[in-house]
Amino acid sequence: MKIVEKIAKMRNPDFTVDPGLNSGAVIQMIWIQACSMLRGLKVMLFLKNPKGMLLGKRVGFFNPSKIQWGKFLRLGNDVYVSALGRKGVEFGNNVSIGAFSRIIVSTSMNNTGEKIKIGNNVGIGEFAYLGGAGGLEIGDECIAGQYLSCHPENHNYERTDLSIRHQGVSRKGIKIGKNCWIGSKVTILDGVEIGDGSILAAGSVITKSFPENSIIAGVPAKLLKTRNYENESDYIGELLCRKSV
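The sequence shown begins at 1 in the UniProt record's numbering and counts up one residue at a time.
Be a bit skeptical, because a hint or two may be false.
[Said to hold, decoys possible] Calculated pairs, DSS-like style, for lysine-lysine (alpha carbon to alpha carbon, straight line, at most 27 Å):
| id | residue 1 | residue 2 |
| --- | --- | --- |
| 1 | K71 | K175 |
| 2 | K57 | K42 |
| 3 | K225 | K185 |
| 4 | K71 | K117 |
| 5 | K66 | K87 |
| 6 | K185 | K172 |
| 7 | K117 | K185 |
| 8 | K222 | K208 |
| 9 | K185 | K222 |
| 10 | K185 | K57 |
| 11 | K71 | K178 |
| 12 | K71 | K48 |
| 13 | K42 | K71 |
| 14 | K175 | K185 |
| 15 | K48 | K117 |
| 16 | K178 | K208 |
| 17 | K66 | K172 |
| 18 | K117 | K57 |
| 19 | K66 | K117 |
| 20 | K51 | K178 |
| 21 | K172 | K87 |
| 22 | K48 | K66 |
| 23 | K225 | K178 |
| 24 | K225 | K66 |
| 25 | K172 | K117 |
| 26 | K51 | K66 |
| 27 | K208 | K172 |
| 28 | K87 | K51 |
Read the hints as simulated data drawn from the structure, not as lab findings.
Sequences and hints are given; from them, build the entire structure.
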């Protein structure tokens, strides 16, 4: 057990093996991680340093020359990363992406997207879709549940004499601050900026920006309260006092 903890602490310094865990489960987990690390060596075919990368089964990369990663990147089974874009995809250290997720800067060579940048120590659950057409940034220490969906692009629709798909797109980008907790099945739309330390409730659809330490919920999402104040009115009152000074 001590050897397992020592190895795991290389990726997560706070890791400890639960004393109630049976030895069979520990052995199986060691085997799974060892296989993942061996699969991670395949990026050497792209003349890239794995840096301790852990890859699940059937992980795919497109345009790997524009994919960068730090130490101990973990990609679950059936994850697909496409860096078709101007600046590609950048993963920080100790990033974990759940199985069946899609990280796609752009799907078209006609109007390629910007970038996707994921900070250090970020964990994202299964079935995420992270688009990067208008640019997507996720700050350090963020955690997200399953089915996170980020769409930094909108279709233009003003003309009624022309099909929407032929009217082009607008792009502003999405920026998520550091140390945010994003619940399961959250959707974040183009132009949104989320402040550091915010909490996004499960199932929310985020259509506008919120300041740091916000607690957000709903469709469309609204500010419920902040981590510093009991409710929204207290927070707004403080903002008004600041402006009047």
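For each hint, the structure was consulted:
1. K71 with K175: 23 Å, holds
2. K57 with K42: Answer holds: K57 to K42 is near 12 Å, not above 27 Å.
3. K225 with K185: 21 Å, holds
4. K71 with K117: 15 Å, holds
5. K66 with K87: 7 Å, holds
6. K185 with K172: 22 Å, holds
7. K117 with K185: 21 Å, holds
8. K222 with K208: Since the Cα atoms of K222 and K208 sit roughly 9 Å apart, the hinted pair holds (cutoff 27 Å).
9. K185 with K222: 16 Å, holds
10. K185 with K57: OK: K185 and K57 at ~24 Å, within 27 Å.
11. K71 with K178: Roughly 19 Å between the alpha carbons, so the hint for K71 and K178 holds.
12. K71 with K48: With a Cα-Cα distance of about 12 Å, the restraint between K71 and K48 holds, given a limit of 27 Å.
13. K42 with K71: 15 Å, holds
14. K175 with K185: Measuring from Cα to Cα gives roughly 18 Å; hence the hint holds.
15. K48 with K117: 18 Å, holds
16. K178 with K208: 18 Å, holds
17. K66 with K172: Judged against 27 Å, a Cα distance of about 22 Å means the pair holds.
18. K117 with K57: Since the Cα atoms of K117 and K57 sit roughly 23 Å apart, the hinted pair holds (cutoff 27 Å).
19. K66 with K117: 12 Å, holds
20. K51 with K178: 24 Å, holds
21. K172 with K87: 16 Å, holds
22. K48 with K66: OK: K48 and K66 at ~11 Å, within 27 Å.
23. K225 with K178: Holds - the C-alpha atoms of K178 and K225 are around 18 Å apart, at most 27 Å.
24. K225 with K66: 40 Å, violated
25. K172 with K117: 15 Å, holds
26. K51 with K66: The given pair, whose Cα atoms are some 16 Å apart, holds under the 27 Å limit.
27. K208 with K172: The given pair, whose Cα atoms are some 12 Å apart, holds under the 27 Å limit.
28. K87 with K51: 21 Å, holds
The structure does not agree with numbered hint 24 stated previously, though it agrees with all others.
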